[in-house]
Amino acid sequence: MSPKINKLFLVLLVVLLSGCADSRTLERMGLITTRGYDLTEDKQILVTMVLLQIDPEAKEQTIALSATADTSKGARSKADLKSPKKLQSGQLRVALFSEEVVRAGLINLTDTLSRDPAISDLIYLGVVEGSVHELLTQKTEGISDTSQFIYKELEQNIKGEKIPSSTMQEVMHDFYAPGVDPVMPTLKGGNGEITITGMALIKEDKMVGKINTQEAFYLKLINDRFEAGSIELSIDKSEFDIPDSEETPEKLTVVIDTITSYGDIDLINKNNLQFELKVKLKTRLLEINQAYDLKSPAKLEKLETKLCEKITSDLEALIEKARQTGADPFGFGEIYRKSVRGSNLTSAKWHKMYPESKVNVKVDLEILRTGVVE
Amino acid sequence: MKVLIEPKPQNMINTILLMFVIHSMQVGVGIQGFQRIIYMEAKQDAWISVILSGIAAALVGFIMVKTLHSYKNSDLYGIQYDVFGKWLGNLLNILFVCYFLAAFHMVARNYIEVIQAWIFPEVPSWLFFFSLLSLVYYGLNGGLRTIVGVSFFSVVLALWLILLMAFPFQFANWDYLLPVFEASIPEILMGAKQMTFTVVGFEIIYVLYPFLKEKDQVHKYMQFGLGFTTILYLAIMVISIAYFSGDQLERTIWGTLSLFKIVRFPFIERFEYVAISFWMLLILPNLMLYLWAATRGLSRIFNKKEQKVSWKLLVFLFLTLLYPLNRIQINMLDDYFAKGALFLIFGYPFLLFIAVVMKKKFFSKKGGSANVPKNK
Amino acid sequence: MFFKKQQSLAPDRIKKETTDDKELIPVSKDEFISIMKQRLQDGADFKTKELANGFTLVFLDTLTDKKMLNKDILARLGGISATPDEALKSITVSSTSKQKYIEDGVDAILKGAVLVHSAGYPVIISAVVATQENRSLTKPETESQVMGPQIAFNESLATNISLLRRFLTNANLCNESFTVGKQTNSAVALLYLKDIADEEMVDRMRERIQGIEIDSVMDSSNLSQLIEDNSMGIFPQMLLTERPDRACSWLLNGKLVVLVDGSVQVIGAPQSFMEFFESMEDQNVRWQIATFLRLLRMFSMVVSVFFTPIYVAALTFHYEIIPQTLLVPLGESRSRVPFPPIIEALLLETMIELLREAAARLPTKVGQTMGIVGGIVVGTAAVDAGFTSNILIIIINVSALSSFTSPNYMMGNVIRILRFPLIILAGFWGFYGLMFGFCFLLIHLIRQSSLGSPFLAPFYPPRFADWRDSIIRLPIGWTNYRPAQTRPLDRKKYRARKTKQ
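Residue numbers (this note's numbering), protein chains in the order written: chain A, 14 to 387; chain B, 16 to 391; chain C, 40 to 540.
Derived by calculation from the structure, the hints in this document are not laboratory data. Keep in mind that this is a model prediction, so the values were computed, not measured. Some clues are possibly wrong.
Here are the computed lysine to any residue pairs in the SDA-like style, where the Cα-Cα straight-line distance is at most 25 Å [claimed, not checked]:
hint: 1; chain 1: B; residue 1: 228; chain 2: C; residue 2: 237
hint: 2; chain 1: B; residue 1: 81; chain 2: B; residue 2: 226
hint: 3; chain 1: A; residue 1: 72; chain 2: C; residue 2: 368
hint: 4; chain 1: A; residue 1: 362; chain 2: B; residue 2: 194
hint: 5; chain 1: A; residue 1: 250; chain 2: A; residue 2: 329
hint: 6; chain 1: B; residue 1: 230; chain 2: B; residue 2: 160
hint: 7; chain 1: A; residue 1: 72; chain 2: C; residue 2: 429
hint: 8; chain 1: B; residue 1: 58; chain 2: A; residue 2: 359
hint: 9; chain 1: A; residue 1: 283; chain 2: A; residue 2: 361
hint: 10; chain 1: B; residue 1: 23; chain 2: C; residue 2: 269
hint: 11; chain 1: A; residue 1: 293; chain 2: B; residue 2: 265
hint: 12; chain 1: A; residue 1: 264; chain 2: A; residue 2: 165
hint: 13; chain 1: A; residue 1: 72; chain 2: C; residue 2: 425
hint: 14; chain 1: B; residue 1: 228; chain 2: C; residue 2: 504
hint: 15; chain 1: A; residue 1: 291; chain 2: A; residue 2: 226
hint: 16; chain 1: A; residue 1: 216; chain 2: B; residue 2: 265
hint: 17; chain 1: A; residue 1: 95; chain 2: C; residue 2: 375
hint: 18; chain 1: A; residue 1: 283; chain 2: B; residue 2: 190
hint: 19; chain 1: B; residue 1: 58; chain 2: A; residue 2: 128
hint: 20; chain 1: A; residue 1: 172; chain 2: B; residue 2: 265
hint: 21; chain 1: A; residue 1: 295; chain 2: A; residue 2: 321
hint: 22; chain 1: A; residue 1: 98; chain 2: C; residue 2: 143
hint: 23; chain 1: C; residue 1: 128; chain 2: C; residue 2: 143
hint: 24; chain 1: B; residue 1: 58; chain 2: B; residue 2: 357
hint: 25; chain 1: A; residue 1: 223; chain 2: A; residue 2: 284
Covered stretches of chain B (chain C as the covering partner; in silico rule of three or more C-beta atoms under 8 Å from a C-beta of chain C) [claimed, not checked]:
hint: 26; stretch: 144 to 155
hint: 27; stretch: 226 to 236
Just a few of them, taken from the derived set where beta-carbon distance is under 10 Å, the chain B residues facing chain A [unchecked claim]:
hint: 28; residue: 190
hint: 29; residue: 192
hint: 30; residue: 196
hint: 31; residue: 259
hint: 32; residue: 345
Each residue gets a CB set at the ideal place from its N, CA and C atoms; glycine is no exception.
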């Protein structure tokens, strides 16, 4: 190495060390783990931020800050004035919106979230029935860290295939896709619990309806292929020859656990917008609330048919319910787009066509096993 | 200027390394966000545009090597000088030097733009440029073998990044690739045209050729390198189309980097921070080889020592990089550069090839010139 | 002593010096004695012995073996006529020669010879009766291993060469001798296997050794810095070993070995970066185990160099990348520390280096106590006092531990030092700085060469055939070619083994 290069590197070292990037040392940052958005009466946004307290001596694991402003970033800089640490959203895990906000349209808020390079694409989005501020600031015994609690709760249920996934990537994906609408889980606080009550149906970026968790399961059944997830089905027992007595419940209730499922939508008629939805289920029976002879193949088959009918009608009801609201969380539009050449489908166009569409539902259910005893 | 070059044996490199050089030159900043501009033109058929651009590159690469083969051991500068004479030849040589410098400028600027947009928004860009350029200088000082070594390692050490594409795979919805061939042929061609900025880089063969040891294998490794790049681009394009929904992809400036956003390990999350920093290794060979090519050009035209030229060029480039530009201006500059590259890289080589063939015929009738083209 | 001592000190390459400025041996006895006395600065150990028949013996008392002097020289010279030829015949020492010049006589006497002057002749006889004050051969200390020969070089050049010749009974083993150092006149030997080692490399090495102009060469590590390709670089381009078996395997792979008198380590060149991660033991264990060990060493180098800087970068700039499960423990352990991560890391790294340096300077038993005091007591106290975070202690300890796994002491040192600039870069620039450091190191490594051959071989330039015995080691039947890095004249080591059946 020539002496010239040595000098150069000396200069380089000095220059590099003279200009230091602004440090963001972990323990000096106020790490926002959950953000909530409410609408105030004068149409401003009330942003509630839950910060992770990483002080081992602190009494509370988290602190909640809130501020009102016209934009979410404006609220953050206002909240900065209340915080001993600089607020940072790089560790954001959950963003919650009050129903009011979502009904008014949430795209501006989610767009801000996705525009910020510090925020992960894998954060969960959710809708809160009532006030987000109250939910995040409520003091609940047994829940030391509300934000962590909500995150784990959502994660557990999504991983456990109870409800469709609603990460920001997926919500934004569905929002920008012409033929499918996003869904977000709805949460409800109170009574010392935070419960997932179902899913919010969203048309474009506005909430238009709600489905319960059972329907959310069906939604997932249509959209994804999945492995786990169990469901409780109640069917009329009149057609089964079960001895009737006073004590037994009126309905025959069966809990089945899906081993594999497969949903497939086809466009059968372009002009009439007729779709065919085929759902194949391979299940195992977990529980049955009345004495029923599972040994007999004929009886088992009968149970299968009845369950099929039940699921079919439930699915039809769900699709009808969604169509009433105008939201298409199933992605029928995407099927249309992919099957019809040159459709130039846009979101607006699809939402005009969607109410006229028809869907035939075909369910194929198979009970593979009924447990380790017969 | 001498048309033929006789490099010292210690500067010669194995032809197998050409494969790595070509690939590392093509993969640079373009790959970080090429999906968007292609998708805007060809929609879900963008992957066809990628294939077309790959075929075009293979064809041009073939013509380039063919041109070089007709001389015993010369480079672009020597050939242009020989074919077009002193004035026109040197003018074209200067044009190519300017092209290489512009390419250097674009690569450095785009990379630092990414760094500033994602990681360090508040750090002044001159510091980044200074550190990058000093690395380039250090590498350049080690000679061609060092530069080629850096491109070799930049390919090998970055291979694992491809495995991370498994993460967006989980979110992929293959329906988005359908219906195939919905875009019209002009749209697909427009998409292929938009690939220019991403595909160029293989023109380095024009300058590198005299330093390759086994000349008869140049064709083979050139095409290997180009083919590998095309496959990589194709894979990324297909995954991107399946991962993003249409409008979402059009809004995503750096599609490939956004794909890294969802990579998550038990010990590390938000992998794009690592990937963007790691990208430095991917753009270093670009910078080094472009600067080396420009240096070679100037030193051959003006008969100067390479080390003296490279040093001055670096200072010059540093000064040009200091000029502040915003995103829109950078995009405009990218467009201008792509247009120039489209002509220089995808058009001009054919002209040059025809000129070389004509000249060969012309002179063989006359009885040959001082620089006898190799009879093949 | 285990081995025979009188291995010849190499067929000397005759030094071509001008004979004009040399002083002839005086004929007169007294004049000779006085000249020698003056030349040797009238040393206290300068002894003369005049025999009755006209011989005069001159020697340095401290360098000569009294027994041999009495038995093989004094006793033999008694009853003969005082001529040099007679003396030469009578003396029963293997290494004798005639000298015409004073300078040669001085050289010989400094190497333990007795000069026999016969009055009236301008020629003296020198007979080497040097004492061999040597340590006996011991176990290797810095490169100890469980399997394989348990013997190390010692400080005697002759012994070391004899060890090598024992391991490598081969007439092709060339041994060239040099004298290096204006003041010390140290003997240096260059060994290589003819027909395997590349001539050009031998020439280059020869030139480099001859080209040295220096006062003294005290040790081979000293010499290796003088003959390296780039002494500014941080990576040593030539390796040292104290194991004769390792030196032999180098010779067999076409490498050159340089020995320095008075040094327990021998130099081997050319070397590649991968050689740092190879231990002789790898050849002695099964290939799966050897491969695993090599990968482990490679991995531990990466961990050792980059672990702490990554911690600093992540905590200073990129808190986003920390997974949630690690966030709280990391944050809590950091929350009481008053310094930014870079200071904290540098502080702790320096402490570790202090401990290591202190332990190296102390006797073994005290050293162990040091380790306990430093590692456990100070470490725990530092965390309790909120001085450092306990997670950083773990990280620093892991990287310190990893740096010990390098089978080569020199490489261990390099790894120790490399961490500091990287920590600083990471502390100032986060991952960008870290990557800058990495790229710089990469370019630096690519630029290095060892005796003119690329340092990063077999990776760059890629020689895929050599990968079989570099970062991994394949079964012995597959590694039957010498590495191309040394450009061996004969590539094949042995026939590929017919496996199975």
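These are the hints, each one checked on the structure:
1. Only pairs whose Cα atoms come within 25 Å are accepted, and residue 228 of chain B paired with residue 237 of chain C is accepted, the gap being roughly 22 Å.
2. A hinted pair counts as satisfied when its Cα atoms are at most 25 Å apart, and residue 81 of chain B with residue 226 of chain B qualifies at roughly 16 Å.
3. Straight-line distance between C-alpha atoms of residue 72 of chain A and residue 368 of chain C comes to about 16 Å, which keeps the hinted pair within the 25 Å bound.
4. A hinted pair counts as satisfied when its Cα atoms are at most 25 Å apart, and residue 362 of chain A with residue 194 of chain B qualifies at roughly 18 Å.
5. With a CA separation close to 21 Å, the supplied pair residue 250 of chain A and residue 329 of chain A stays within the 25 Å bound.
6. With a C-alpha separation of about 17 Å, the suggested pairing of residue 230 of chain B with residue 160 of chain B holds against the 25 Å cut-off.
7. The suggested pairing of residue 72 of chain A with residue 429 of chain C holds, with an alpha-carbon distance near 22 Å, which does not exceed 25 Å.
8. A hinted pair counts as satisfied when its Cα atoms are at most 25 Å apart, and residue 58 of chain B with residue 359 of chain A qualifies at roughly 13 Å.
9. Restraint check for residue 283 of chain A and residue 361 of chain A: the C-alpha separation of about 18 Å stays at or below 25 Å, so the hint holds.
10. For the given pair, residue 23 of chain B sits about 21 Å from residue 269 of chain C by alpha-carbon distance, which is consistent with the 25 Å threshold.
11. Taking the CA atoms of residue 293 of chain A and residue 265 of chain B, the gap is near 36 Å; set against the 25 Å cutoff, the hint is violated.
12. A distance of roughly 34 Å separates the Cα atoms of residue 264 of chain A and residue 165 of chain A; the hinted pair therefore is violated under the 25 Å criterion.
13. At roughly 20 Å between alpha-carbon atoms, residue 72 of chain A and residue 425 of chain C fall within 25 Å of each other, so this suggested pair holds.
14. The straight-line distance between the Cα atoms of residue 228 of chain B and residue 504 of chain C is roughly 19 Å, inside the 25 Å bound, and the hint therefore holds.
15. For the hint linking residue 291 of chain A to residue 226 of chain A, the alpha-carbon distance of about 21 Å falls within 25 Å, and the restraint holds.
16. The hinted pair formed by residue 216 of chain A and residue 265 of chain B meets the criterion: a straight-line CA distance of about 21 Å does not exceed 25 Å.
17. The hinted pair formed by residue 95 of chain A and residue 375 of chain C meets the criterion: a straight-line CA distance of about 22 Å does not exceed 25 Å.
18. For the proposed pair residue 283 of chain A and residue 190 of chain B, the alpha carbon gap of about 18 Å is at most 25 Å, so the pair holds.
19. With a C-alpha separation of about 23 Å, the suggested pairing of residue 58 of chain B with residue 128 of chain A holds against the 25 Å cut-off.
20. This hinted pair does not check out: residue 172 of chain A and residue 265 of chain B have alpha carbons roughly 30 Å apart, beyond 25 Å.
21. A distance of roughly 12 Å separates the Cα atoms of residue 295 of chain A and residue 321 of chain A; the hinted pair therefore holds under the 25 Å criterion.
22. Between residue 98 of chain A and residue 143 of chain C the CA atoms are separated by roughly 81 Å; this puts the pair beyond 25 Å, and the hint is violated.
23. Taking the CA atoms of residue 128 of chain C and residue 143 of chain C, the gap is near 21 Å; set against the 25 Å cutoff, the hint holds.
24. Simply put, residue 58 of chain B and residue 357 of chain B have alpha-carbon atoms about 22 Å apart, close enough for the 25 Å limit, and the pair holds.
25. This hinted pair does not check out: residue 223 of chain A and residue 284 of chain A have alpha carbons roughly 30 Å apart, beyond 25 Å.
26. Figure legend: the stretch 144 to 155 of chain B, annotated as covered by chain C; annotation consistent (4 residues with Cβ-Cβ distances under 8 Å, at least 3 required).
27. By the rule of at least three residues with a Cβ nearer than 8 Å to a Cβ of chain C, the coverage given for the stretch 226 to 236 of chain B is violated, with 0 such residues.
28. At its closest, the beta carbon of residue 190 of chain B sits 5 Å from a beta carbon of chain A; the interface hint therefore holds under the 10 Å criterion.
29. Using the Cβ-Cβ criterion of 10 Å, the hint placing residue 192 of chain B at the interface with chain A is satisfied: the shortest such distance is roughly 9 Å.
30. The beta carbon of residue 196 of chain B comes within 8 Å of a beta carbon in chain A, closer than 10 Å, and the hint placing it at the interface holds.
31. Of the supplied interface hints, the one on residue 259 of chain B holds, with its beta-carbon coming within about 7 Å of a beta-carbon of chain A, less than 10 Å.
32. Among the interface hints, the one on residue 345 of chain B is violated; its C-beta lies about 17 Å from the nearest C-beta in chain A, farther than the 10 Å criterion.
In summary, the numbered hints that this structure violates are 11, 12, 20, 22, 25, 27 and 32.
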